[in-house]
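Position chains B, C and D relative to chain A; hints supplied.
Number of protein chains: 4
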Amino acid sequence: MIPKDSMVLLVSPRGKRYLRRFDPAGELHTHDGKLLMAQVAEAGFGRTVRTHLGKPYQVLKPTVHDLIKGVKRHTQIMYPKEIGYLLLKMGIAPGCRVIEAGSGSGGLTVALACYVGETGKVYTYERREEFFTLAGKNLARVGLEGRVEQTLRDVRDGFVHTGADALFLDVRTPWEVLEHIPAAVIPGAMTGYLLPTTNQVSDLLRGLEQGPFCDVEVVEILVRRYKPVADRLRPEDRMVAHTGFLVFARCLEAEREDLAEDADGENAPTEPLGEPLESAQDAPENGWDAPETPPSGEA
Amino acid sequence: MIPKDSMVLLVSPRGKRYLRRFDPAGELHTHDGKLLMAQVAEAGFGRTVRTHLGKPYQVLKPTVHDLIKGVKRHTQIMYPKEIGYLLLKMGIAPGCRVIEAGSGSGGLTVALACYVGETGKVYTYERREEFFTLAGKNLARVGLEGRVEQTLRDVRDGFVHTGADALFLDVRTPWEVLEHIPAAVIPGAMTGYLLPTTNQVSDLLRGLEQGPFCDVEVVEILVRRYKPVADRLRPEDRMVAHTGFLVFARCLEAEREDLAEDADGENAPTEPLGEPLESAQDAPENGWDAPETPPSGEA
Amino acid sequence: MIPKDSMVLLVSPRGKRYLRRFDPAGELHTHDGKLLMAQVAEAGFGRTVRTHLGKPYQVLKPTVHDLIKGVKRHTQIMYPKEIGYLLLKMGIAPGCRVIEAGSGSGGLTVALACYVGETGKVYTYERREEFFTLAGKNLARVGLEGRVEQTLRDVRDGFVHTGADALFLDVRTPWEVLEHIPAAVIPGAMTGYLLPTTNQVSDLLRGLEQGPFCDVEVVEILVRRYKPVADRLRPEDRMVAHTGFLVFARCLEAEREDLAEDADGENAPTEPLGEPLESAQDAPENGWDAPETPPSGEA
Amino acid sequence: MIPKDSMVLLVSPRGKRYLRRFDPAGELHTHDGKLLMAQVAEAGFGRTVRTHLGKPYQVLKPTVHDLIKGVKRHTQIMYPKEIGYLLLKMGIAPGCRVIEAGSGSGGLTVALACYVGETGKVYTYERREEFFTLAGKNLARVGLEGRVEQTLRDVRDGFVHTGADALFLDVRTPWEVLEHIPAAVIPGAMTGYLLPTTNQVSDLLRGLEQGPFCDVEVVEILVRRYKPVADRLRPEDRMVAHTGFLVFARCLEAEREDLAEDADGENAPTEPLGEPLESAQDAPENGWDAPETPPSGEA
Numbered sequence: 000m001i002p003k004d005s006m007v008l009l010v011s012p013r014g015k016r017y018l019r020r021f022d023p024a025g026e027l028h029t030h031d032g033k034l035l036m037a038q039v040a041e042a043g044f045g046r047t048v049r050t051h052l053g054k055p056y057q058v059l060k061p062t063v064h065d066l067i068k069g070v071k072r073h074t075q076i077m078y079p080k081e082i083g084y085l086l087l088k089m090g091i092a093p094g095c096r097v098i099e100a101g102s103g104s105g106g107l108t109v110a111l112a113c114y115v116g117e118t119g120k121v122y123t124y125e126r127r128e129e130f131f132t133l134a135g136k137n138l139a140r141v142g143l144e145g146r147v148e149q150t151l152r153d154v155r156d157g158f159v160h161t162g163a164d165a166l167f168l169d170v171r172t173p174w175e176v177l178e179h180i181p182a183a184v185i186p187g188a189m190t191g192y193l194l195p196t197t198n199q200v201s202d203l204l205r206g207l208e209q210g211p212f213c214d215v216e217v218v219e220i221l222v223r224r225y226k227p228v229a230d231r232l233r234p235e236d237r238m239v240a241h242t243g244f245l246v247f248a249r250c251l252e253a254e255r256e257d258l259a260e261d262a263d264g265e266n267a268p269t270e271p272l273g274e275p276l277e278s279a280q281d282a283p284e285n286g287w288d289a290p291e292t293p294p295s296g297e298a
Numbered sequence: 000m001i002p003k004d005s006m007v008l009l010v011s012p013r014g015k016r017y018l019r020r021f022d023p024a025g026e027l028h029t030h031d032g033k034l035l036m037a038q039v040a041e042a043g044f045g046r047t048v049r050t051h052l053g054k055p056y057q058v059l060k061p062t063v064h065d066l067i068k069g070v071k072r073h074t075q076i077m078y079p080k081e082i083g084y085l086l087l088k089m090g091i092a093p094g095c096r097v098i099e100a101g102s103g104s105g106g107l108t109v110a111l112a113c114y115v116g117e118t119g120k121v122y123t124y125e126r127r128e129e130f131f132t133l134a135g136k137n138l139a140r141v142g143l144e145g146r147v148e149q150t151l152r153d154v155r156d157g158f159v160h161t162g163a164d165a166l167f168l169d170v171r172t173p174w175e176v177l178e179h180i181p182a183a184v185i186p187g188a189m190t191g192y193l194l195p196t197t198n199q200v201s202d203l204l205r206g207l208e209q210g211p212f213c214d215v216e217v218v219e220i221l222v223r224r225y226k227p228v229a230d231r232l233r234p235e236d237r238m239v240a241h242t243g244f245l246v247f248a249r250c251l252e253a254e255r256e257d258l259a260e261d262a263d264g265e266n267a268p269t270e271p272l273g274e275p276l277e278s279a280q281d282a283p284e285n286g287w288d289a290p291e292t293p294p295s296g297e298a
Numbered sequence: 000m001i002p003k004d005s006m007v008l009l010v011s012p013r014g015k016r017y018l019r020r021f022d023p024a025g026e027l028h029t030h031d032g033k034l035l036m037a038q039v040a041e042a043g044f045g046r047t048v049r050t051h052l053g054k055p056y057q058v059l060k061p062t063v064h065d066l067i068k069g070v071k072r073h074t075q076i077m078y079p080k081e082i083g084y085l086l087l088k089m090g091i092a093p094g095c096r097v098i099e100a101g102s103g104s105g106g107l108t109v110a111l112a113c114y115v116g117e118t119g120k121v122y123t124y125e126r127r128e129e130f131f132t133l134a135g136k137n138l139a140r141v142g143l144e145g146r147v148e149q150t151l152r153d154v155r156d157g158f159v160h161t162g163a164d165a166l167f168l169d170v171r172t173p174w175e176v177l178e179h180i181p182a183a184v185i186p187g188a189m190t191g192y193l194l195p196t197t198n199q200v201s202d203l204l205r206g207l208e209q210g211p212f213c214d215v216e217v218v219e220i221l222v223r224r225y226k227p228v229a230d231r232l233r234p235e236d237r238m239v240a241h242t243g244f245l246v247f248a249r250c251l252e253a254e255r256e257d258l259a260e261d262a263d264g265e266n267a268p269t270e271p272l273g274e275p276l277e278s279a280q281d282a283p284e285n286g287w288d289a290p291e292t293p294p295s296g297e298a
Numbered sequence: 000m001i002p003k004d005s006m007v008l009l010v011s012p013r014g015k016r017y018l019r020r021f022d023p024a025g026e027l028h029t030h031d032g033k034l035l036m037a038q039v040a041e042a043g044f045g046r047t048v049r050t051h052l053g054k055p056y057q058v059l060k061p062t063v064h065d066l067i068k069g070v071k072r073h074t075q076i077m078y079p080k081e082i083g084y085l086l087l088k089m090g091i092a093p094g095c096r097v098i099e100a101g102s103g104s105g106g107l108t109v110a111l112a113c114y115v116g117e118t119g120k121v122y123t124y125e126r127r128e129e130f131f132t133l134a135g136k137n138l139a140r141v142g143l144e145g146r147v148e149q150t151l152r153d154v155r156d157g158f159v160h161t162g163a164d165a166l167f168l169d170v171r172t173p174w175e176v177l178e179h180i181p182a183a184v185i186p187g188a189m190t191g192y193l194l195p196t197t198n199q200v201s202d203l204l205r206g207l208e209q210g211p212f213c214d215v216e217v218v219e220i221l222v223r224r225y226k227p228v229a230d231r232l233r234p235e236d237r238m239v240a241h242t243g244f245l246v247f248a249r250c251l252e253a254e255r256e257d258l259a260e261d262a263d264g265e266n267a268p269t270e271p272l273g274e275p276l277e278s279a280q281d282a283p284e285n286g287w288d289a290p291e292t293p294p295s296g297e298a
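Chains as they are written, first to last, in numbering that gives the first Met the number 0: chain A, 0 to 298; chain B, 0 to 298; chain C, 0 to 298; chain D, 0 to 298.
Isolated chain A, as found in the complex (with noise of 0.2 angstroms):
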């Protein structure tokens, strides 16, 4: 049985994949024929079901991953890639308290939805009606919206709400709002951001350096695939080189910011506080209080 309003994706059998907000009095209209939603809910997650012309159709759970891929975007939207490994540098978890900006089509608004829960809010913000409008339905259209709040407004002139757990900015100026992210988030906040350019990666690092953030961090995230032939194992012969830098950053309170003085004895620290931080991370075992084993070894 599947539950109305769960989401559910139907494949066919040449790979077309639709998502649907499952309502069980309805039905799917497509090339190979029709598809009764009452036989879908029968069916039930993982199982085939015909269209009325014979054709097999499996009836799947969206992860997170189909979601995404699943909103109609009118902009470019973040990759897997980068919002998996936003989430877990930036503790994106349940429970938590997001600030986005901006909303896009809604893509990264969807998976920040799924991952804080029902115990956690994400509260985005969009300065363009248009885009305000489409991520708005592409919420609806997965069943999320309740745990979003949307605000139409340029983040240029500061956040409406405080107290957030992290934030995260997917604007063409991030460092034009670096001023208005301490009102907006909890001491020692993380703080991240996408960005195309290596220019853009320099001017927001100049903002980061103003103060108050520390632990700097530039990524990239590569995916390789491979085709997936036993025998003839090999690298796809085409990536994607790149989407965006990945720019992450403790915003701490003002205050912190004095006391880097006595960090080392010297009055004016050049390198970004969390600079042992980044290195800790190129080889984990360093800056860490437990013991560990070198990360080389095989399973």
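Everything labelled a hint here was simulated from the structure, so no lab data went into it. Heads up, some of the hints might be wrong.
Copies of the same chain are indistinguishable here, so a pair counts whether it falls within one copy or spans any two.
[Unchecked claim] Pairs of lysine to any residue residues, derived as SDA-like cross-links and limited to a Cα-Cα distance of at most 20 angstroms, are as follows:
1. 15 / 49
2. 33 / 17
3. 54 / 252
4. 226 / 175
5. 71 / 19
Just so you know, these numbers come straight off a predicted model, no measurement behind them.
Only chains B, C and D this time, still in chain A's reference frame:
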């Protein structure tokens, strides 16, 4: 105020990191002097406290990333880059029931427990007693033992749990376990595998081709870090080039396999059923019924 | 002045490229009108000439890169990224005698012929008559046929030449050819192999382990391009993710193999002889008797 | 027989490598005992000789790769991966006249000298006397000093040579040198640049846009090594992630720039002239008049 038993991350002026389950009556002894937890509780997250020698320590709320890195390990642990990707790919979200084997040091277990939330559950299997114990300690250390059920068992002998939403294997010969998976998961569940060598990937692919698996994907995740210096932006000199190959596949019911023959009117598809999904991901606008814009637009 | 029979590259206003062996009496017919070669000769390299319709064409001296790209191909040809690496790795330089199989379309043959110079020689083997003919045409097209000797023969039946300084195989099953290599090259010669799948690499490594080969190296070469825009610098959206794996090994005389036992006093080294060289390359300052500074310094 | 003054590479049982200009009257003192060069001469390349303590040493003919790695360095040297690519890209082949600055330790100079052969010439500039001297020693050490002319001069003051076929700059601020290039090279010559940071690449691109340069290309070359074990094939755990960005551009005569306006009937093309070439390289079958098959076929 920091509640008792929540996790706290304390960072020294030099970047040394102390991850602790919070006890307001405790103390932390460091090379920089003694820290009173009562003082930490009063300061709160994002603030700075001083040791009795006057050294400033940052008080931070740890992210999932921090919790994973804080795991005391006797084995290689999975990296956040792989964990983030598999969460989205496998749909592991609040409320999920996930099976995992082997537990190893418990690094992935910690991450899964964070993301299934209080309403989900992680079932972790380990055949070696020392790791069973170590994983248990690491879970208790971060306060997530309540969301995890540990089983001391070789999964080549099968799973004792059923109906899982997702199943992940980080074992040396996962192809010896495949026959037991359909009984352990709901139909259509995503399964995932981490393997260090190409030979193992080929062996696993051969096993998956016996069915009832489809939508097979083989990927590597690479993270490239940059030195966060605005005026001298450049990648780090060296990077982690390999942790392992991630393989994903949906586990269907046996019934589905027979239907595969209908897919294209031929009687023996040699490609995995899910092949169209694979290509759909490489060119995300294909295979979906939703109109979408190309993924390469710029912000 | 451009000498007769030298190669000329003509580039249209739209970037269309015409690679021609220069004949001052000839003409080039293009969509932009007719170009007189006499006019091209007078202008010289680096200048611009106009078609009878007034369209400007650049006159350029082609690079090796241009010559390779201009090869008319019926097969995949090797990329400059792989060719450049193998030249240095295998020591293919002016004066060298190089054996290559199979010829394919002759792309690599063209590059090798450029680099062995007038004092060297390329011996290229091909078993399929159509490619034997095609490679010959492509060599003549760029005026390098004098440096190359073509042999129509399956190299699984052995080579007819001896004493080569280097030998490169771009064939499907190079492990079936290994036994013939020692008779074809000078002792200690570098051998190279291009293979598209990991399974083939494993098969080749098994063959090389039978000896008399050492210093085995397996690499992939990746080129990541950037959009050359000063204020919006960023990688291209997509890239070539795979052409093939390059494998290199030195071919010793059988005598050497026996000596391997002396290497560490044990009687059966399971690692390839050349293992120390392999690690020496990863950390180039090791293994050499010359004092060297670390490779990570900045300009 | 090994001729006097040719280069010899001697490899110890443990993989230690000795690169020497051959003197049949000399000896090599090692931790494994003494080697007589007369004995080495008699054995010849590819053979093994024993020290007076009975330890077997391999006698090898060094490759260009070996010569570069054997350079005694006080600076970072370029890697074979970059050198190989630039040779092909810039058309540096036997008979070429190449200008290079700065000499640094002479690693690239050695490689260039190998490839221009006896009929070509390398003109290398260095402004710091210590490196001028060091590069000279390294060239003499490998017996290539006859193909190289060294000049002690800051190239920001211009070049003293003219008519070079190609020109490569490995200096900190190459944009300060651009104005001097047209006088130093033949029209249409390829120029290349190595730069460690994205900021420098942007600065150089700004300079190149002032002309007379076209066909601008920015790339990174990555080499990924595998552990050469047949049954456990896998990438190395770590890799070199960055040495530098390579930039290439053709240097035209000023005249050509004016013609650019004709290219598309508009009066101010904002893209570099060579843009079509750039895309032609990404999809090599475009832009050429030769029919070609797609690059993704398998062997």
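Earlier hints that do not hold, by number: Of the numbered hints, just 4 does not hold.
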